[in-house]
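Chemist: For the protein sequence lines, the chains are R and G, in the order given.
Take 1 as the starting number for the first sequence in our numbering and just add one per residue.
Take 1001 as the starting number for the second sequence in our numbering and just add one per residue.
Rather than coming from a laboratory, the hints here were simulated on the basis of the structure.
One thing to keep in mind: the hints can contain errors.
Below, in silico cross-link-like pairs of lysine-lysine (DSS-like), each with a Cα-Cα straight-line distance of 27 Å or less [said to hold, decoys possible]:
(1) K1355(G) to K52(R)
(2) K52(R) to K1054(G)
(3) K1197(G) to K1114(G)
(4) K1040(G) to K52(R)
(5) K1197(G) to K52(R)
(6) K42(R) to K1114(G)
(7) K42(R) to K1028(G)
(8) K42(R) to K1077(G)
(9) K1332(G) to K52(R)
(10) K52(R) to K1114(G)
(11) K42(R) to K1054(G)
(12) K42(R) to K1040(G)
(13) K42(R) to K1197(G)
Note that the coordinates shown come from a computational prediction; the quantities given were computed from them, not determined experimentally.
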Amino acid sequence: MRTTPFRAALAAALVAAPAALGNTPAAAPREVLPFIADDYPKALAAARASGKPIFFEAWAPW
Amino acid sequence: MRAFVFTDKALGRQAGRFVWLSINTEKKENAALLARYPVKVWPSFFVIDPVAEKVIFRYVGGATTPQMLRVLDDGQKAFRGTAGAALAEADRLYADGKYAEAAPAYEKALETIKPEAPSYTRAVESLLFSLSTAGRREDCAAAARDAYPHLKASPSAAGVAGSGLDCALGMKDGDPKKAELVAANAAFAKEVVAGPKTGLAADDVSALYGSLAEERESARDEAGSKKWLEEWAAYLEGEAAKAKTPAERTVFDAHRTSVCIALGQPARVVPALQESEKDFPGDYNPPQRLAIAYGAMKKYDEALAASDRAMALAYGPRKLVVYRTRVDLYAKKGDLAQAKKTLGEMLAYAEGLPKEQVSDRTIAAIRKQLEAAN
């Protein structure tokens, strides 16, 4: 769960460093979990109906 | 994470435990949601109570599959209220983003959590992040030094050693404890990169090489720093070569680009970026990285052509990075008129973003640079 980006080398290279190496691009491989994409109201309704908590993944296409 | 962890069949059995929501923080339509659930680190994972609409558990940064399974267990305990009282209180403060208060709460919780307990690792990781974010770098470096021997055989070894080393390097020069804490955590970091890396998150290992290079740089040992950069590049190239899919391979592109440029060898990464652009024609990242690499090679026309392709695909706040690269490319090419024009376009774009996606400070900095160019 390392979150401190390495600094000196990257600063020189003008490449912003997220916590993780990078993320999956547009053509993502199939995920094994039934993620609802970008629809909080739908997830909220499903969670309230089922009594389950929401597992919320915040990501960016870096 | 998306290429390696959420595609792992071992996680499939967890599907019924939560309602799963993924939010692309770059999308304009998600800006209002980010005002409710602010994100400062990518990736971030929250467990949300759907009745109170409140974050009750937080985890930041990458994870391996075993680490993610632990996160899911702990997140569910937080929802059910079955975690130990001291850890639950620390997790509550952490979930609220109150890191200065979460740090002592984790310190207190860890007084009663034995290293072999399932929650020990995550409590240590959360403590280190809280201490670092709260600016308590000496305490962070000391906590990592003390915890590492218990975690050296775990998936968290690289992250703990790296966090400790980064905290130690961030201490003020002249602090009498700095040298000792840097040396201790650097020794752990070297132990991790010299050992078997199976089960470690590639993010953590990659960042560890960077920290080791920085440690040598801070000691003004240029040759030593370069040695670590070379090892770092070789590690990333080796991991990319082992990737089973283009998606697994391309996650290494960002760090490879940075390291190759830091080594003064930008051409070294160009074939990989070209391959990624071919494999993912809808992704702005490969041409954006190509623009940076070509720029480092002083091939400004190729760089600007790649930047054109990136600009056509980019969206959200990260598009500002594409603008920034273009400004730099024009400036280095000596075309100051185009650099200024691009800065103006960048300012207009930033001002048009939802306020949740761009800070006033960022807009002010662009405006100041534009005024200086006039």
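Chemist: Which numbered hints turn out to be false for this structure?
Modeler: 1, 5, 6, 9, 10, 13
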